[in-house]
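Since chain A is already given, all that's left is putting chain B on it; use the hints.
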Amino acid sequence: MYMLVPDEPNIGFATLAVIFVSATLLGLFAGLAFALALIGLNGVISYLVAQRTHEIGVRMALGARPAGVLRLVLAQALGMAAAGVVTGLIVAFFATRLLANQLYGVEPVDPTTFLAVPTMLTAAALAASSIPALRATRVDPLVALRYE
Amino acid sequence: MEPLIQLRNLEKVIEAGPNKFWLLRRINLDIQAGEFVTIMGPSGAGKSTLLSILGMLDGAWTGDFYFLGEAVHKLNVKKRNELHKANIGFVFQSYHLIDNLTVFENLEVPLSYKNVPHKERVSLVCDTLDRFHIVGKKDLFPNQLSGGQQQLVGVARAVILSPKLILADEPTGNLHSAQGEEIMQLFKRLNDGGTTIIQVTHSERNASYGSRIIQLKDGWVVGDNATAGTPVGAAQPA
Numbered sequence: 001m002y003m004l005v006p007d008e009p010n011i012g013f014a015t016l017a018v019i020f021v022s023a024t025l026l027g028l029f030a031g032l033a034f035a036l037a038l039i040g041l042n043g044v045i046s047y048l049v050a051q052r053t054h055e056i057g058v059r060m061a062l063g064a065r066p067a068g069v070l071r072l073v074l075a076q077a078l079g080m081a082a083a084g085v086v087t088g089l090i091v092a093f094f095a096t097r098l099l100a101n102q103l104y105g106v107e108p109v110d111p112t113t114f115l116a117v118p119t120m121l122t123a124a125a126l127a128a129s130s131i132p133a134l135r136a137t138r139v140d141p142l143v144a145l146r147y148e
Numbered sequence: 001m002e003p004l005i006q007l008r009n010l011e012k013v014i015e016a017g018p019n020k021f022w023l024l025r026r027i028n029l030d031i032q033a034g035e036f037v038t039i040m041g042p043s044g045a046g047k048s049t050l051l052s053i054l055g056m057l058d059g060a061w062t063g064d065f066y067f068l069g070e071a072v073h074k075l076n077v078k079k080r081n082e083l084h085k086a087n088i089g090f091v092f093q094s095y096h097l098i099d100n101l102t103v104f105e106n107l108e109v110p111l112s113y114k115n116v117p118h119k120e121r122v123s124l125v126c127d128t129l130d131r132f133h134i135v136g137k138k139d140l141f142p143n144q145l146s147g148g149q150q151q152l153v154g155v156a157r158a159v160i161l162s163p164k165l166i167l168a169d170e171p172t173g174n175l176h177s178a179q180g181e182e183i184m185q186l187f188k189r190l191n192d193g194g195t196t197i198i199q200v201t202h203s204e205r206n207a208s209y210g211s212r213i214i215q216l217k218d219g220w221v222v223g224d225n226a227t228a229g230t231p232v233g234a235a236q237p238a
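Protein chains in written order, with the working numbering: chain A, 1 to 148; chain B, 1 to 238.
This is chain A alone, in the form it adopts within the complex (with noise of 0.2 Å):
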């Protein structure tokens, strides 16, 4: 093994590189969970709009504008995703004191953490449902109520 200065023992590297490997791993995987969840969350939400359909077609041939679809969907979708969220702090609450001794320069209960991930995973799911909550505006009350 190459050591870039040759007086001194390499395991600091080695360790450091080990930790860097692992980090950069840990955040793929991260990401890849995010998405997935967001992906995960979009299937969902379709599924669910493609269920509701004859109802959304009833509730428009009562009145309801497309706006009002919108806020019905995006209330579902935001439901999900804020029990999803709660659960996951409550999880990351206590499962983050086990880490406290792998952590350096923040707190276990990391406020701006705690306060971040939750908005960023709120927005994201906001983001993936918006695309089957549009789709539900264009639902055509005539078509759904013909084909129960």
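Derived SDA-like pairs (lysine to any residue); straight-line CA-CA distance at most 25 Å:
1. K85/B x R135/A
2. K138/B x L72/A
3. K85/B x G68/A
Simulated from the structure, these hints should not be mistaken for lab results.
Showing chain B alone in chain A's frame:
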């Protein structure tokens, strides 16, 4: 007196490739406030299509449509929606109640889209439940009700905002005769109270509750026993 509804040369056409299919042809009708009109005709005659246009659910047609003097054909979707919300109640053959809402909540739905304050909403729903004798069913879900009871809720939902016009598409089509009779008598009472009713039906018996029958065939008005002076389909098939 200004008619509630005026249709002039109303046509609906669908295009499939190079072919055009007319669902409605040159419809000219005047419907006065307080009438009880029945639209009849064989399947495919255009009855439900006409009802959807009158209910402003379908905006893809040509011709002139005046509702209370307002030119519907010139309105954008938003204004058409407002006009529909303010004046029209729907009763469907398949009831179309929302399955995951209770009877109380189903009655609340049209009110929520007219921004009726919560307190007034509750009061209106309670009055309607009382008027239709369904107070005991208010916490039940549609699948816990019989067909007749579901249609009763459907009619209650249609009239909760005291619309000027009720449109009913085969309202007794899924009911047994006694339940159908009950619903038709209810329509008759609403009509006696001044509400204009337009129903689509195949049943001569249901038509007998009304005062006027419009016959459709292949999209044309081929018969209308309206009072003298009311124009019927200007052009009819040979």
